[in-house]
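Student: Protein sequences, first through last, are from chains A and B. Take the first sequence: its position 13, counting from 1, is numbered 13 in my numbering, and each next residue is one higher. Take the second sequence: its position 57, counting from 1, is numbered 57 in my numbering, and each next residue is one higher.
No wet-lab data here; the hints were simulated from the structure. One or more of the hints may lead you astray.
Covered stretches of chain A (in silico footprint by chain B; criterion: 3 or more residues with CB under 8 angstroms from a CB of chain B, positions within the stretch not fixed) [to be verified]:
no., stretch
1, 12-26
2, 38-51
3, 57-66
4, 78-87
5, 101-108
As the structure is a prediction and not an experimental result, all values here were calculated from the model. By construction, the Cβ of each residue, glycine as well, lies at the ideal position given by its N, Cα and C atoms.
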Amino acid sequence: MAGRAQIKTSSSALIAMIADEDTVTGFLMAGVGNVDLRRKTNYLIVDSKTTVKAIEDAFKEFTTREDIAIILISQYVANMIRFLVDSYNNPIPAILEIPSKDHPYDPAHDSVLSRVKYLFSTESVASGRY
Amino acid sequence: MDSMDAYLTLIHSLSSTLRQGWLDLASARHSMGASRINTVLLDHKVHPAATSLLVTQDEGKVDSVEPHFTLCKWASSGNGKCSPEEAKSSQDKLHPQLRHRGSSQLYEEKTLSEDKASHELDDQVQKERLKSLSVFGALVSPKLRTAQLSFETALETLVEIANMRSSMLCAFDKVHKKLGSSEG
Numbered sequence: 001m002a003g004r005a006q007i008k009t010s011s012s013a014l015i016a017m018i019a020d021e022d023t024v025t026g027f028l029m030a031g032v033g034n035v036d037l038r039r040k041t042n043y044l045i046v047d048s049k050t051t052v053k054a055i056e057d058a059f060k061e062f063t064t065r066e067d068i069a070i071i072l073i074s075q076y077v078a079n080m081i082r083f084l085v086d087s088y089n090n091p092i093p094a095i096l097e098i099p100s101k102d103h104p105y106d107p108a109h110d111s112v113l114s115r116v117k118y119l120f121s122t123e124s125v126a127s128g129r130y
Numbered sequence: 001m002d003s004m005d006a007y008l009t010l011i012h013s014l015s016s017t018l019r020q021g022w023l024d025l026a027s028a029r030h031s032m033g034a035s036r037i038n039t040v041l042l043d044h045k046v047h048p049a050a051t052s053l054l055v056t057q058d059e060g061k062v063d064s065v066e067p068h069f070t071l072c073k074w075a076s077s078g079n080g081k082c083s084p085e086e087a088k089s090s091q092d093k094l095h096p097q098l099r100h101r102g103s104s105q106l107y108e109e110k111t112l113s114e115d116k117a118s119h120e121l122d123d124q125v126q127k128e129r130l131k132s133l134s135v136f137g138a139l140v141s142p143k144l145r146t147a148q149l150s151f152e153t154a155l156e157t158l159v160e161i162a163n164m165r166s167s168m169l170c171a172f173d174k175v176h177k178k179l180g181s182s183e184g
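Please construct the entire structure, taking both the sequences and the accompanying hints into account.
Tutor: And the structure:
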């Protein structure tokens with residue numbers, strides 16, 4: 001039986017950021033900043049005055065925009081909205097947790113690694129039955 | 001397990017690159033002054049991103065969605081690079097007549113035309129880089145330029161991480177479904 005041809009769809013998309021000032025400034029220097037006709041940006045700078053609600057709103061906005069393919073979020077910011085990040089299951093946009101200047105990366109909090117770890121623990125329990 | 005190991009290696013590499021970028025940014029802020037490097041100066045006028053992503057998805061796979069990300073750096077003018085393969089294919093398209101000449105002459109002319117195209121591309125990319133830094137003033141610290149390069153490298157690593165994450169989650173879904181069906 002002949003295999004089906006794999007048709008690839010491609011589209012251009014943006015990288016969004018929810019991070020501290022230095023991280024956002026650095027990535028904006030690398031050219032990822034976008035301001036659309038409604039003056040909406042693809043980034044949120046998080047500082048001591050940024051509320052958890054503002055971070056949640058930005059996360060929800062970026063995950064529902066069709067022109068965003070990757071969201072970079074500092075891990076310490078992701079920890080503030082951990083429930084929201086861990087319950088997000090779509091392949092696009094991809095949520096990447098990144099370290100920040102003052103908070104190094106902790107693999108124990110990464111949502112992708114947590115899922116894989118859970119899978120291994122489930123598998124080892126399942127295989128123990130046979 | 002191999003994927004997890006590769007994922008963690010990439011994260012470690014990303015951390016090192018970002019650390020270098022933050023350090024260079026702090027050095028540039030120290031030499032140029034804090035008022036010259038802050039987010040108040042960011043460009044709030046309507047403008048497209050100079051660096052974006054190309055997202056590819058196989059529609060042939062009905063049971064899983066595994067997107068693939070490709071970074072397109074400095075492509076707002078249409079002259080930036082998406083990947084080395086795409087840059088080469090665009091150069092081939094520009095010079096189809098070279099295919100009909102003798103092989104050694106073809107090789108030399110193709111090398112020269114590739115070099116010329118490559119230089120033009122590099123010039124365009126340099127112009128885009130300078131334009132991006134121009135929000136901080138006409139004269140900027142060399143440390144700001146090296147910080148820019150560090151963050152560009154970090155973007156490349158992030159795209160690799162995104163692709164690795166995508167394949168890990170796809171494999172996770174398949175195993176999860178298989179476990180679910182075997183228990184049922």
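Student: Compare the structure with each hint and give your call.
Tutor: Checked hints:
1. 12-26: holds (count 10)
2. 38-51: Holds, because 4 residues of the stretch 38-51 of chain A bring their Cβ atoms closer than 8 angstroms to Cβ atoms of chain B.
3. 57-66: violated (count 0)
4. 78-87: violated (count 0)
5. 101-108: holds (count 4)
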